[in-house]
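Below are the chains, spelled out letter by letter.
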Amino acid sequence: MSAELMDFAEAMELFDPVLGLEVHVELNTATKMFCGCANQFGSEPNSNTCPVCLGLPGSLPVVNGKAIESAIRIGLALGCTIAESCRFARKNYFYPDMTKDFQTSQYDEPIAAEGLVELEVDGEVFAIEIERAHMEEDAGKLVHVGGASGRIGDAEYSLVDYNRAGTPLIEIVTKPITGTGAKAAAVGRAYVSYLRDLMRALGVSDVRMEQGSLRCDANISLMPKGTTTFGLRTETKNVNSLRSIENALTYEIRRQAAVLAAGGKVTQETRHWHEEGYTTPGRSKEEAEDYRYFPEPDLVPVAPNHAWVEELRGTLPEPPAVKGKRLQQAWGFAAQEFADIVNSGSLDLIEATVTAGASPAAARKWWLTELARRANETGVELAELPISPAQVAAVQALVDAGTVNDKLARQVIDGVLAGEGEPAEVVVARNLAVVSDDSALTEAVDRAIAAYPDVAAKIREGKVQAAGALIGAVMKDLRGQADAARVRELIVDRLS
Amino acid sequence: MSEILQESAAQLGARLTAGELSSVELTTACLDQIERVDPRVRAFLYVDAERALSSAAGVDQRRAAGAELGPLAGVPLAMKDIFTMTGAPTTCGSRILEGWIPPYNSTITQRVLDAGIVVLGKTNMDEFAMGSSTENSGFFATHNPWDNDRIPGGSGGGSAAALASFEAPLALGTDTGGSIRQPASVTGTVGVKPTYGTTSRYGVVAMASSLDTPGPCAREVGDAALLHQVMAGWDRRDSTSINAAMPDVVAAAQAADVRGMKIAVVRELGGEGYQPGVQQRFAEALEVLSELGAVITEVSCPSFDYALGAYYLIMPSEVSSNLARFDAMRYGLRLGDDGVNSVEDVMNLTRGSGFGAEAKRRIILGTYALSAGYYDAYYGSAQKVRTLITRDFEAAFTQADVLVSPTTPTTAFRLGERVDDPLAMYKADLCTIPSNLAGNCAMSVPSGLSPDDGLPTGFQIMAPALADDRLYRVGAALEAALKDRWGQPLLQGLASSDAGSYLVSEGER
Numbered sequence: 001m002s003a004e005l006m007d008f009a010e011a012m013e014l015f016d017p018v019l020g021l022e023v024h025v026e027l028n029t030a031t032k033m034f035c036g037c038a039n040q041f042g043s044e045p046n047s048n049t050c051p052v053c054l055g056l057p058g059s060l061p062v063v064n065g066k067a068i069e070s071a072i073r074i075g076l077a078l079g080c081t082i083a084e085s086c087r088f089a090r091k092n093y094f095y096p097d098m099t100k101d102f103q104t105s106q107y108d109e110p111i112a113a114e115g116l117v118e119l120e121v122d123g124e125v126f127a128i129e130i131e132r133a134h135m136e137e138d139a140g141k142l143v144h145v146g147g148a149s150g151r152i153g154d155a156e157y158s159l160v161d162y163n164r165a166g167t168p169l170i171e172i173v174t175k176p177i178t179g180t181g182a183k184a185a186a187v188g189r190a191y192v193s194y195l196r197d198l199m200r201a202l203g204v205s206d207v208r209m210e211q212g213s214l215r216c217d218a219n220i221s222l223m224p225k226g227t228t229t230f231g232l233r234t235e236t237k238n239v240n241s242l243r244s245i246e247n248a249l250t251y252e253i254r255r256q257a258a259v260l261a262a263g264g265k266v267t268q269e270t271r272h273w274h275e276e277g278y279t280t281p282g283r284s285k286e287e288a289e290d291y292r293y294f295p296e297p298d299l300v301p302v303a304p305n306h307a308w309v310e311e312l313r314g315t316l317p318e319p320p321a322v323k324g325k326r327l328q329q330a331w332g333f334a335a336q337e338f339a340d341i342v343n344s345g346s347l348d349l350i351e352a353t354v355t356a357g358a359s360p361a362a363a364r365k366w367w368l369t370e371l372a373r374r375a376n377e378t379g380v381e382l383a384e385l386p387i388s389p390a391q392v393a394a395v396q397a398l399v400d401a402g403t404v405n406d407k408l409a410r411q412v413i414d415g416v417l418a419g420e421g422e423p424a425e426v427v428v429a430r431n432l433a434v435v436s437d438d439s440a441l442t443e444a445v446d447r448a449i450a451a452y453p454d455v456a457a458k459i460r461e462g463k464v465q466a467a468g469a470l471i472g473a474v475m476k477d478l479r480g481q482a483d484a485a486r487v488r489e490l491i492v493d494r495l496s
Numbered sequence: 001m002s003e004i005l006q007e008s009a010a011q012l013g014a015r016l017t018a019g020e021l022s023s024v025e026l027t028t029a030c031l032d033q034i035e036r037v038d039p040r041v042r043a044f045l046y047v048d049a050e051r052a053l054s055s056a057a058g059v060d061q062r063r064a065a066g067a068e069l070g071p072l073a074g075v076p077l078a079m080k081d082i083f084t085m086t087g088a089p090t091t092c093g094s095r096i097l098e099g100w101i102p103p104y105n106s107t108i109t110q111r112v113l114d115a116g117i118v119v120l121g122k123t124n125m126d127e128f129a130m131g132s133s134t135e136n137s138g139f140f141a142t143h144n145p146w147d148n149d150r151i152p153g154g155s156g157g158g159s160a161a162a163l164a165s166f167e168a169p170l171a172l173g174t175d176t177g178g179s180i181r182q183p184a185s186v187t188g189t190v191g192v193k194p195t196y197g198t199t200s201r202y203g204v205v206a207m208a209s210s211l212d213t214p215g216p217c218a219r220e221v222g223d224a225a226l227l228h229q230v231m232a233g234w235d236r237r238d239s240t241s242i243n244a245a246m247p248d249v250v251a252a253a254q255a256a257d258v259r260g261m262k263i264a265v266v267r268e269l270g271g272e273g274y275q276p277g278v279q280q281r282f283a284e285a286l287e288v289l290s291e292l293g294a295v296i297t298e299v300s301c302p303s304f305d306y307a308l309g310a311y312y313l314i315m316p317s318e319v320s321s322n323l324a325r326f327d328a329m330r331y332g333l334r335l336g337d338d339g340v341n342s343v344e345d346v347m348n349l350t351r352g353s354g355f356g357a358e359a360k361r362r363i364i365l366g367t368y369a370l371s372a373g374y375y376d377a378y379y380g381s382a383q384k385v386r387t388l389i390t391r392d393f394e395a396a397f398t399q400a401d402v403l404v405s406p407t408t409p410t411t412a413f414r415l416g417e418r419v420d421d422p423l424a425m426y427k428a429d430l431c432t433i434p435s436n437l438a439g440n441c442a443m444s445v446p447s448g449l450s451p452d453d454g455l456p457t458g459f460q461i462m463a464p465a466l467a468d469d470r471l472y473r474v475g476a477a478l479e480a481a482l483k484d485r486w487g488q489p490l491l492q493g494l495a496s497s498d499a500g501s502y503l504v505s506e507g508e509r
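Quick mapping for you: the protein sequence lines, in order, are chains A and B.
Going by the working numbering, the first residue of the first sequence is number 1, and it counts up by one from there.
Going by the working numbering, the first residue of the second sequence is number 1, and it counts up by one from there.
Since the hints were made in silico from the structure, they are not lab data.
Please note that the accuracy of each hint is not assured.
What the hints assert, rightly or not - Straight-line Cα separation of at most 20 Å, SDA-like style, residue types lysine to any residue; simulated pairs:
{"no.": "1", "chain 1": "A", "residue 1": "LYS91", "chain 2": "B", "residue 2": "LEU365"}
{"no.": "2", "chain 1": "A", "residue 1": "LYS91", "chain 2": "B", "residue 2": "ALA372"}
{"no.": "3", "chain 1": "A", "residue 1": "LYS66", "chain 2": "B", "residue 2": "LEU365"}
As the list claims (entries may be wrong) - Some chain A residues near chain B, calculated using beta-carbon distances under 8 Å:
{"no.": "4", "residue": "PRO61"}
{"no.": "5", "residue": "THR99"}
{"no.": "6", "residue": "PRO301"}
{"no.": "7", "residue": "GLU425"}
Glycine included, every Cβ here is placed at the ideal spot set by N, Cα and C.
Here chain B stands alone, though its shape is the one from the complex (with noise of 0.2 Å):
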C-alpha cells in the first residue's frame, strides 16, 4: 500500500495544491489498492478506472493552469451507489436495477464533481438501503476491513469498508436510521447524518424519504467535515431542503474544543443488550470529554423506547410507495415479457425475482400499515411517536448541547449470524434511530477497540437541527485526545496489525 493511502483528505487535499502530489498518482494509488484489496473486502459495486484517471487529470491540469481549486480537489471519493451520476450504472444494491444508467446526476454528485472530487466508483450497499450488514445487497456481502467474517455495517457498509481499508480517503453515505453512522462505527472511521434538509435527496433514490439523509464518510473527522461542506446546501430540486445558512463545520472542527459544553448521556440508550466492551470504550470517551472540559450529565428521553416501533411503521410505508415504480416498465430488470403474459404478470414476475426478501419485507409491512383500516393504528400511532421523540429531543436539548450515546449496541457481528433474524438485525440501529426520526444531526467517531473482542467501537454524537457544527466540535476534539491516548490512529493500528497485513503488500510491512 502506498504510504499517501493512510494520509488524511485534509493533507493529501494541502500536498496537492502545493503541487507535491498529483491527482493522477493519489487516484492511481487507489485504484491500485483497490485492485489488490477489494477481491477480499468487496467494497465496491462498479469502478470505473478510466473516469476516474481522466477527471484526475483534468483536476492536475486546472490545477496547473493556476485555477483556484477546493480544499479537496483531486482528491478521490468512493459513492454509495444510491446517488446517481450519468455514465454509470446506479444500482442501489438491488438487481431490479441492474443495467440502468441514469441520465441525470443527483445534486450531491454534481456538487463533488465541481469540487473537483475524483469519483472512483460505487460502493455496495443493502438492496434500496434496507440493512444493517450489506448482506442483504443483491450482488454480494462486503467485509469488514478489521475481520473478513464479520459485516462492515450496514446499508453503508461498502463506503465504511472502502475508507477502512484505504481504497479512499472520502465516502458518501445516506442515513435513513443509521446507514452511515453503524457502519462508520463498527469499522473505525467516522460518519455523519447531517441535520435533515441540509443535504439534498435529489438524484438519490429514494428508501423512506422523510428520513433519508445523505451524508459524509471518512476516516477522520476533518475530512468529514470538508466533504459536508461541499455536499451541504439548499437545493431548489428538493421541497424539504432548508434554505437556511449553514453552521461552518470546518471551523468547528479546526476549533475542537469542549470546554464548557454540556454533554448528557441519554440514559435510555445504554445498559442491558449494549456489548460490555462498547460500554467501557463508551464510558472512557465520556472521561476524556470530561478531561477535556465538557460537563457530563445525564437526561432521559422515554419516547427513544418507541422509536424502534415506531420507525418500522413510518420507513416501511414510505417503502413500499417509493419503490412501487420499480414495476419493469421504464427500466432495469424486466422478466416474463413473452406476449402472453399480462402487463401485471410481467410486473408481478419482475418484482418477485427482482426484491431481495428484506426488501419485500418492508414492501409488506408497509403496504399494511397503510391499508385502509390500519394506518391510523399504525401510521398514525408512528407519527405520533415521532412527535414524542422529536419533543424529547428538544427538551434534552434545553439541557445540554450535544447528546451521546454508543452508535450501535454491539461490534461487527458475523456474516450469517443475523440474516434469520430480521428483530436482531434491526436492533443494530437501535441509537440511531432516534435522530432520523426527529431530522436533527449525528455524528458517529470510533472509540477504541472493544476489549472483548479486539474491534472497533463507535461514539455517537447527537445535536439539534441545524446545530450540526457542535457534532464537528465534540468529534474533533475526541478524536484528537483518543489518537493521543492510542499513539495513533485506530486505523493506522489495523494496517500494522496482523489481521490488516492484507491491506498492506509484503515489502512495506
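Same shape as in the complex, but just chain A (with noise of 0.2 Å):
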C-alpha cells in the first residue's frame, strides 16, 4: 500500500511545505442545529429523529439559538470577527447519508472571520491566521456492511443512523500556514490539540476525537525551498488522533517530496489516513462536484446583536495556553511533563485535584498513571470515570497519613470506583489499613525468618540485600497491608 516515500531530511532540505487545517466541532448543545431532537452520541440508530432532521417533504429548519451563542463564542476565543449579519447557504450534493441531498452550511456569509492563534512549538512561537468559523450541520452516519473496502461502493449494504443527522458542528478553517519547515506537523498536531484545549474550556464540545466530535481535515503542499507559490495540495481525512495528524502529514510530506522530485506532479485530491501508517487516494477534486452554493431559502440571516456579543465575550474563560503557562510554573513541572497532562486532557482534573489538597506531583501521578489506565481499559474518558478529583486527594492524603500505601491506594480506588463509597469507607469496608502494631509486624517477621533460614542467614552475614525476599513473605502474609519500609527496619533490627 505505501507509496514511494522521501528521507524526511531530505525533504525538509528540498521542499517547504504548507499546511492548511479544516477543523470540524460537533457542538454538545442539548438538541440538533435545526430541530428540536435530542444532539446525543450513543442512542439507539435513528431514534433521535424527527421530520425536520429526516428531511421528510415539507419539514423547514429552524436555527437552535444556543447554537448560535456556541458559534459566536468559539469566534471570540479564535480573536475572530463576529459578522453582524450572515446567512446560511445549501452546499447541494448527492449522498445517502445525507436527508435532503444538500447541507445547510454557510458559505461567502461565515459568522465569524480572521482570527489568529498563536502557538509555542519546542519553543517557537507559530501564528496561526484564521479565515473563518463557520456554522453547518453534520450528515448522518453510515455503515457499510460486506466488501473488502468497508466503502460505500463495494458493501453488500449500508445501514444508515440520522441519528447524527443535524448536529450542530462549527468548521473552523485557517488560513495557509507557511514558515513551519521541519515543524510542519508538529505545528499541525499543535494547533488542533490547541482547539481542542479550547474547546473543552469554552464547554461547547466534548471534542473526542475518537468519536467524531473533534474531526480534522489536514491539507498540505510542498514548494520548492525558496520559492513561494504553493504547490498542489491534498486534503487527508479520517485522520482522528493527535499522533495521526503529525504522523499523516509527515507521511504526505514525505510522499508529495518523492513524487516532485521524480519529476511528478502532484494530484490534488482527498486522502485517506489510514493507521497503518499511509494514506491512500480518495475522490480526486477533478471528478469533485460543484456543490451549487446558495443562499438557503428557508432561513433568515443571523444578525447578533453587538451587545450581545460584547456580553458573550465577557464569558470566555481564561485561554488554555495562559492558563497552561500560569500552572505549569505554579506546579513546577518540566515541559514535557506539563505537555502530557494537556495531552492526556487530564489539566482540569489535576488542577481540581490540587485544589483538593493534593500535591501536583501525587494527582499527575494518580491520573496519567493508574486512572488513565482504568480509563483505557473501560473505554471512557478520565473524567467519566466514577471518582472525583476530591476523592483522589482523599485516597493521596491516606498514603501521606501512612493509613494506606501506595499498594493498598489502589485497590482502595477500586472500591471508589465499584461505588462502594468515599475512599476512608472502602479503607473500613475492605479492611485494607496497613498493619502499624509493631508486635505484629514483629510476629510476621519472626515466622518469616524461620521459614526461610538461609536467608536470614546471609542477611546476619551482612548481604542486607537479601532482605527483600524475607520482605515479600512478611508482605504476603499480611495480605500487602503493611508498610515495606518499617518492615525492612524491623527484619534488620531482628537479624542484627
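Dock chain one against chain two, each of which comes alone in its own frame, and use the hints as you go.
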C-alpha cells in the first residue's frame, strides 16, 4: 500500500511545506442545529429523529439559538470578527447520509472570520491565521456491511443512522500556514491540540476525536525551497487522533516530496489516512462535484446584536495557553511533564485534585498512570470515571498519613470506582489499613525468619540486600497491609 | 346536485351554527357530488369519505354538546395534494412520492383541522406545483368544469375545479408564480396569494421556498377571507414566517368599500398578447370600480418585463435543490434496487422514471443556473431583477392603494395545446409572477365570461405586503357589483347552462 517516500530530512532540504487545517467541532448543545431532537451520541439508531432532521418533504429548519451562541463564543475565542449579519447556504450534493441531499452550511457569509491563534512548539512561536469559523449541520452516519474496502462502492448493503444528521458543527478553517519547515507536522498537531483545549475550556463540545466530535482534515502542499508559489495540495481525512495528524502530515510530506523529486505532479485530491501509517487516494478534485451553493431560502439571516456579542465576550474562559503557562509554573513541572497532562486531557482534573489538597506531583501521578489505565481499559474518558478529583485527593491523603501504602491505595480506588463509597469508607469496609502495630509486624517477621533460615543467615552475614525475599514473605503474610520500609527496619533489627 | 352545494361557505357555516344543517348532511352532499362529477372533472387524487364523514360527525357532536365553534366548523374543504396530512397520501402530483404517507400535519392542515373544517380529500396538481394546466400531474389531467376539453389552470387546477364543479365550497392552494390565481381566473373562482410569510410553509412540500405561498381558494371573496383567517398567522416552525399582527380580512370583505381608494392599472400587464375578451372584461371591471367611487389611475412598473425571466432562474434554482431529496433512499418510489446496482444507479433510475418532463426541465435549468461560473450571470442577475421589481412595487404603492391587471392573458386553453411549448405555458403566469418575486399579496376575482369564447376571465388585485385586507375590500366590492350586473354569481350561470348540465342531476334542472 505504501507509496514511494523520500527521507524526511532530505525532503526538508528540498521543499517548504504549506499547511492548512480544517477542523470540525460538534457542539454539545442539548438539541440539534435545526430541530428539537436530542443531540446525543450513542442512542438507539434513528431514535433521535423527526421530520426536520429526516428532511421529510415539507419540513423546514429553525436555527438553534444556543448553537449560534457557541459559534460566537468560539469565534471570539479565536480572535475572529463576528459578522453583523450572516446567512446560511445550501451545499448541494447527493449522498445517502444526507437527508435532503444538501447540507445547510455557510458559504460566503461565515459567522466568524479573520482570527489569530499563537502556538508554541519547542520554544518557537507560530502565528496561525484563522480564515473563518462557520456553522453547519452534520450528516447521518453510514455503516457499510460486507465488501473488502469498507467503502460504499463494494459494500453488500449499507445501514444509515440519522441520529447524527443535523448535529450542530462549527468548521474552523486556517489560512495557509507557511514557515513551519520541519515542524509542519508538529505545528499541525499542536494547533488541533490547542483547539481541543480551547473548546473544552469553552464548554461547547465534548471534543472527543475517537467519537468524531472533533475531526480534522489536514491539507498540505510542498513548494521548492526558496519559492513562494504554493504547490498542489492534498486533503487528508480520517485523522482521528493527535498522533495521526502528525503522522499523516509527515507521511504526506515524504510522499509528495518523492513525487515532485521524480519530476511528477502531485494530484490535488482527498486522501484517507490509515492507522497502519499511510494514505490512499479518495475522490480526486478534478471529478469533484460542483456544490452549487446558494443562500438557504428557508432561513433568514442571523444578525447577532452587538450587545449580545460583547456579553458573550465576557464569558470567555482564560485562554488555555495562558492558563497552561500559569499552572506549569505554579506546579513546577518540566515542559514535557506538563505537555503529557495537557495531551491526556486531564489538566482540569489535576487542577481540581490539587485544589482539593493533593500535591501536583501526586495528582499527576494518579491521573496519568493508575486512572488513565482504568479509563483505557473501560474505554471512557478520564472525566467519566466514577471518581472525583476530591476523592483522588482523599486517597493521596490516606497515603500521606500512612494509613495505606501505594498498593493498598489502588485497592481503595477500586472500591471507589465500584461505588463502595468514599475512600475512608472503602478502607474500613475492605479492611485495607496497613498493620502499624510493631508487635504484630514483629511476629510476622519472626515467622518469615523461621520459614527462610538460609535467607536469614545471609542477612546475618551482612548481605542486607537479601532482605527483599523476607519482606516479600512478610507482605504476603499480612496480605500487603504493611509499610514495607518499616518491615525492612524490623528485619534488619532482628538479624543484626 | 343538492341545493346546498351552491351556497357560500359563510352561509353554510351560519346554517350549521343555527342547527339547520348538519355537517354530515353537507359532507355527504359534497361526497355525492364528487362521486357523480369527478369521473369527468378529475379534480381529486384522493378522497377519504369515511374520514370526512367521521370528522363531520365529530363537529356535529361538539356543536350539539354546546361547544363554541368557528364560522367554518363543519364546512368541507378540498386540499391541494402538497399539504402533508397524517393518514393520507401526499404525492404532490408526482409518481416519485407515490405511496408516501406523511407522519405529520402541515401547520395549515393543523389549523384547518383545529377550525373544524372537514377535509374531503387531496386535489390534483401539476407535479410539485410546476405548471399552469395540471397536465404535468404524474397521474392524470384535471378538466375545466366550464369546458371539459380545456385546462383548469395550474398548478392548483384540482382545487379550482373542485370549487367550480360544486364538489367543495372551500379549497387550499399554494401560489409560487400564480398557482392559486391563474386556476381561479380560468375557472371563475376566487384565489388569494397572501403576503409571503403570513401563511406557514411548514409541511407544504417545497417547490421554490422563497416564493411558495399557501393561500385560500373559494367561490366567493367572503369565503376566501374566512379561510384566509384560519390559515394565516405566525408559525415558529417556519423561520420565514412573519411575527406581526394580521389585518382583518374578514372585516375588509364585509366592508367591501372602495370609495376614495386609488386603484392603478399596471401598464406593463396588458396590451399585445392579451386576449381581447379578457381585456374587455378587465376594462369593464375598472368602470365598475370607478362607479363605486374608486379613483382609477395608471402606473408603470418597467422591471415587470423581466419578471418572467428572473422567475425562471430563481424558481428552478430552488427547485433543483428542493427536489434533490427525492432520491429513493428514504420514502416514495425506489427503482433498480436489485443488489447489483450502485446507490447512484438506484438514484438515477428512480429520478429518471419518477419525475415528469417539466420537473426534469426545471431541475436541469436550476442546476445549470447555480453552477460555478454561471451563478453570478444567472442566479445573481435574477436576484437583482427581483430587487428592482420589489422597488417598482414600492414606488407604485406610493401612488396607489392597490394595483390591478388581468390575472392571466387568456381564458382557459385547450388540454394539450401548450404541452409541447413550455414558453407559451409559462406566459400564463406573466401577470401573477411579479407579486411572488416581491412577496406582496394578490387576489384573482371573476370578471365575467370573455365574449369571444364564453369562458371565465379573472381580475387581479395586488396590494403591499401585510395589506391583504385591501384585496378583500376591492375584491368583495367588485364581486358584489358584478353579481348585481349579471343577476347571479358567475358559477350559478354555469350550473344553469347547457355546458354545466352534467354538474346537476336530471331531476334538478
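Hints, one by one, checked against the model:
1. With a CA separation close to 17 Å, the supplied pair A:LYS91 and B:LEU365 stays within the 20 Å bound.
2. A threshold of 20 Å between alpha carbons decides the hint, and for A:LYS91 with B:ALA372 the separation of about 12 Å falls inside it, so the pair holds.
3. This hinted pair does not check out: A:LYS66 and B:LEU365 have alpha carbons roughly 38 Å apart, beyond 20 Å.
4. For A:PRO61, the shortest C-beta to C-beta distance to chain B is roughly 7 Å, which falls under 8 Å, so the interface hint holds.
5. Given the 8 Å rule on beta carbons, the hint for A:THR99 holds: about 7 Å separates it from the nearest Cβ of chain B.
6. Because the smallest distance between the Cβ of A:PRO301 and any Cβ of chain B comes to about 10 Å, over 8 Å, the interface hint for this residue is violated.
7. For A:GLU425, the interface hint is violated, since its Cβ never comes within 8 Å of a Cβ in chain B; the closest pair sits about 51 Å apart.
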